[in-house]
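**Student:** Sequence:
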Amino acid sequence: MRRLSAYRSWLFIVFIFIVVAVQISLNILLSYCGERLQNVRESKREIDTKHTDALRRVYTERLRATQRTITALKVQLKQATTKESQRETSTEIHILRKQNARLTSQVKKYEKLQKIVNAQEFSKLKSEASKLDFLRGDTPYNELAVVPFDSFTHAGIFSILKDGLVDRPARRPIGTRIKEHEEILNFALRVLKDELPGQQKIERYNLANGISRLNRITGMAYDLIFTAKPNQYHRVKIQRPFSNLELVGNVETLDTSQEIINLILPLSGRTDNFEIFLKRFGNICVRWDGKVYLTVVYFGKKGREKVKHLLSEFEDREKFNNYKLIFEDGAFSRGVGLQKGVLSWEKGNNIMFFCDVDVFFTPDFVERCRFYTEPGQMVYYPIVFSLYNPEIVYNGNPLEIEQQLHIGKYNGFWRDFGFGMTCVYKNDFVATKGFDTSIHGWGTEDLKLYRKFLKTNLAVVRATDRGIFHMYHQKKCDSSLPSEQYLSCLHSKAVTEASHRQMGMLAFGNRLFSNLAPDWKTKLEYQPDFSLRDSKTKNKRAMSLWTRADELDIEILEVKQLHSRLTAAMNFTVFGSEVFDTKKVNVSALRELQFRLGNVTQVVRKLALAISKNSTNHG
Numbered sequence: 001m002r003r004l005s006a007y008r009s010w011l012f013i014v015f016i017f018i019v020v021a022v023q024i025s026l027n028i029l030l031s032y033c034g035e036r037l038q039n040v041r042e043s044k045r046e047i048d049t050k051h052t053d054a055l056r057r058v059y060t061e062r063l064r065a066t067q068r069t070i071t072a073l074k075v076q077l078k079q080a081t082t083k084e085s086q087r088e089t090s091t092e093i094h095i096l097r098k099q100n101a102r103l104t105s106q107v108k109k110y111e112k113l114q115k116i117v118n119a120q121e122f123s124k125l126k127s128e129a130s131k132l133d134f135l136r137g138d139t140p141y142n143e144l145a146v147v148p149f150d151s152f153t154h155a156g157i158f159s160i161l162k163d164g165l166v167d168r169p170a171r172r173p174i175g176t177r178i179k180e181h182e183e184i185l186n187f188a189l190r191v192l193k194d195e196l197p198g199q200q201k202i203e204r205y206n207l208a209n210g211i212s213r214l215n216r217i218t219g220m221a222y223d224l225i226f227t228a229k230p231n232q233y234h235r236v237k238i239q240r241p242f243s244n245l246e247l248v249g250n251v252e253t254l255d256t257s258q259e260i261i262n263l264i265l266p267l268s269g270r271t272d273n274f275e276i277f278l279k280r281f282g283n284i285c286v287r288w289d290g291k292v293y294l295t296v297v298y299f300g301k302k303g304r305e306k307v308k309h310l311l312s313e314f315e316d317r318e319k320f321n322n323y324k325l326i327f328e329d330g331a332f333s334r335g336v337g338l339q340k341g342v343l344s345w346e347k348g349n350n351i352m353f354f355c356d357v358d359v360f361f362t363p364d365f366v367e368r369c370r371f372y373t374e375p376g377q378m379v380y381y382p383i384v385f386s387l388y389n390p391e392i393v394y395n396g397n398p399l400e401i402e403q404q405l406h407i408g409k410y411n412g413f414w415r416d417f418g419f420g421m422t423c424v425y426k427n428d429f430v431a432t433k434g435f436d437t438s439i440h441g442w443g444t445e446d447l448k449l450y451r452k453f454l455k456t457n458l459a460v461v462r463a464t465d466r467g468i469f470h471m472y473h474q475k476k477c478d479s480s481l482p483s484e485q486y487l488s489c490l491h492s493k494a495v496t497e498a499s500h501r502q503m504g505m506l507a508f509g510n511r512l513f514s515n516l517a518p519d520w521k522t523k524l525e526y527q528p529d530f531s532l533r534d535s536k537t538k539n540k541r542a543m544s545l546w547t548r549a550d551e552l553d554i555e556i557l558e559v560k561q562l563h564s565r566l567t568a569a570m571n572f573t574v575f576g577s578e579v580f581d582t583k584k585v586n587v588s589a590l591r592e593l594q595f596r597l598g599n600v601t602q603v604v605r606k607l608a609l610a611i612s613k614n615s616t617n618h619g
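Anchor point for the sequence shown: position 323 equals 323 in UniProt numbering, and the numbering is continuous, going up by one each time.
Source of the hints: derived by calculation from the structure; they are not laboratory data.
Quick reminder that beta carbons are idealized off the backbone N, C-alpha and C, glycines included.
Nothing false has been slipped in among the hints.
Computed Cβ-Cβ distance ranges for the label pairs, DEER-style:
| # | residue 1 | residue 2 | range |
| --- | --- | --- | --- |
| 1 | S257 | R304 | 34 to 42 Å |
| 2 | Q38 | T71 | 46 to 54 Å |
| 3 | G198 | R270 | 48 to 56 Å |
| 4 | E391 | D329 | 31 to 39 Å |
| 5 | L103 | R41 | 38 to 46 Å |
| 6 | F327 | R287 | 25 to 33 Å |
| 7 | R64 | S243 | 23 to 31 Å |
Dumping the calculated DSSO-like pairs for lysine-lysine here, alpha-carbon to alpha-carbon at most 27 Å:
| # | residue 1 | residue 2 |
| --- | --- | --- |
| 8 | K340 | K324 |
| 9 | K347 | K324 |
| 10 | K493 | K162 |
| 11 | K291 | K306 |
| 12 | K475 | K409 |
| 13 | K475 | K340 |
| 14 | K302 | K475 |
| 15 | K193 | K237 |
| 16 | K340 | K319 |
| 17 | K308 | K475 |
| 18 | K237 | K162 |
| 19 | K308 | K279 |
| 20 | K476 | K409 |
| 21 | K475 | K306 |
| 22 | K476 | K340 |
| 23 | K452 | K340 |
| 24 | K340 | K291 |
| 25 | K308 | K291 |
| 26 | K324 | K302 |
| 27 | K179 | K162 |
| 28 | K347 | K279 |
| 29 | K340 | K455 |
| 30 | K301 | K279 |
Let the sequences and hints guide you as you build the complete structure.
**Tutor:** As structure tokens, then:
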């Protein structure tokens, strides 16, 4: 019995040993098979690669050999045809012609195969290149890092940058720009001819618009749009990666015949300007385009009836009813108005154009609003050309508005610090959650929205646009605004008045023709005082007192300047004799008045601050 038990144990151990051995053998076999399979796959891949390369070399060598044979046959054919007197060669010429035709067909076959191979390689490169966003580029850190596009036509360039020493906002190409301009246009026209055979010939004057930008890492990028027929365009995207030009993607055909634009206009008062705006809107958007809607968001109760009446007259006159009038009771806020206008749009995901009552635009701008706006892809931020004060530009005799709409160095400037005019699809705007509606009055809500778009996957096209103008109007900066908004308003006011030269003429005045220097120290002395001010208060009485205090500060400076001028005049002599009687002119009284006004200003500011704190404590 014991022997039987030992025998069974021994058999069980042998069985376990055999199973383990088999398992190990199977694992070794599977590992070996896996390695062999991997080696076979790599060998197959190498063989396929070598086969493709060998096939390409064979086709290339055959093509070259065939071409050499054709060249030799052509030479023989030419020699044979010159020997007309030798009739016996006619048979040989006939044979050579047959051989030539046969070889020509073979060349076409090899060329076709060569194109297939090249197309396969190009498709790989194209799939990689398509992953890069052509117009968007690298994500900028903020708005200061964004390099805007230049816009151009077949004859001119519109840029905020200089070409050498030329800083005219609108100019013809000069220097190396001439060669670049010609090369780009000719390349694009050749591409259109090759890619769209059989269609109507496109000429350089058919260029509707072009934009270009230099990326210092990747090179130049160009986007050209040519007019094919009304409401249909061809887009050619070109890049120069610091080497030869190459086509990006395929030629795109743009059809704008069905693209609706909703123009949103926030408004408060200024009904006279609105009446002028409607005339321009009727000429361009109703009679010429016909696919632009109008949404007016009006703030306040004063002027409501006037706005209703103007729109009613406009509807009767132009037979136009594609508009909406929305009333808001709160204080004017551009961001709130635009937000209301977008959310009230119920016709689908269409283009929203954010506009102002002081903005004039041409018909071609309306098309560019469509060119550079694409749902989920692009948003257009045109750089507006801002016109200077026409009273200064035209020496007190301003021209009609239509005659002021041109781009010139002394007529205006590219408003590259303004981000208010925008063309964007509704869904793209809603995806950013829109404007910061907590900002009231003259604010920075436009810049904040622009920064939001920069952080999305949309390509933000920031380009000069020759067809949109900001008309001059007197700007009033409310000193009760928070310091950042107030200083931003003052900056805008300073740069929009006149050109550098014109402002210099005004600053010097009659002193330009004398040896007396302007009193710059006095002129530049005034700085807004925010120390005795609560920028968060909404107490109207306190805000009114601060505004009066700021006005008194300016009057004090005027008195100080008058004191300086009178002091200089009192010291004026002719042949050693004083011109003015110092006993009759009391100049010191002006200084005393200046000090008294300064004390009054401080008292007014302290009173306003006390009122503000008191209202906050009881709020």
